[in-house]
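Visitor: Okay, here's what each chain looks like letter by letter:
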Amino acid sequence: GNSVTQMEGPVTLSEEAFLTINCTYTATGYPSLFWYVQYPGEGLQLLLKATKADDKGSNKGFEATYRKETTSFHLEKGSVQVSDSAVYFCALKDDQFYFGTGTSLTVIP
Amino acid sequence: DAGVIQSPRHEVTEMGQEVTLRCKPISGHDYLFWYRQTMMRGLELLIYFNNNVPIDDSGMPEDRFSAKMPNASFSTLKIQPSEPRDSAVYFCASSLVRGRGEKLFFGSGTQLSVL
Chain A
1 GNSVTQMEGP VTLSEEAFLT INCTYTATGY PSLFWYVQYP GEGLQLLLKA
51 TKADDKGSNK GFEATYRKET TSFHLEKGSV QVSDSAVYFC ALKDDQFYFG
101 TGTSLTVIP
Chain Y
1 DAGVIQSPRH EVTEMGQEVT LRCKPISGHD YLFWYRQTMM RGLELLIYFN
51 NNVPIDDSGM PEDRFSAKMP NASFSTLKIQ PSEPRDSAVY FCASSLVRGR
101 GEKLFFGSGT QLSVL
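If you read the sequences in order, they're chains A and Y. Numbering follows the working numbering, with no gaps: position 60 of the first sequence is 60. Numbering follows the working numbering, with no gaps: position 11 of the second sequence is 11.
Hints were generated in silico from the structure; no laboratory data involved. Owing to the predicted nature of the structure, the values given are computational and were not obtained by experimental measurement. Beta carbons are placed, not taken as given, at the ideal position from N, Cα and C, and that holds for glycine.
Interface residues of chain A toward chain Y, partial, derived using beta-carbon atoms under 10 Å:
1. Tyr36
2. Gln38
3. Gly41
4. Leu46
5. Lys49
6. Gly100
7. Thr101
Sequences are here, hints too, so could you generate the full structure?
Guide: Below is the structure:
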């Protein structure tokens, strides 16, 4: 079946630190992959996506590359800001969306 | 566009009471989804509609849960009777198309507490 596994949090980083949030997936087909972000008190928002192998999604300094050989879609950012504090969800879309459990990120000044 | 609008933002009720959550999708979106978010189970798809017709309700936990979409601009999720284990954040989302290009737009959610 389809599933998404992402690293457990919470993650706490200092401002300007490098961020990696790991995500791996299991899929029966050829899914699209997504990262969604949830700010406090809000719904999930699409951060970036990739629809096929080797595609790189990017937005607001965040990047993730669709790696079919390792079934991974790790989220990275070179220099985090306090405003990046949120919960990040990895997801795949096959017949429907499958979300990971979310990783809470707190960035401290 | 105002985005997906959900009401109420917060609902506190007592066990056994009926709860109705409301959602207005983005105008023109043909698909509407109801999700439930808990710490234990993460984000779960409960049901989704296409052109106001329920397509997949296999995620609805029990007969106590029901959802309707009487028109393209309104949907409800009802729990009757409610139980403490129903406490969660319930999200509504809508999308324009299905398939690889699909992008979900979420509302701000309803925080439900059943005492």
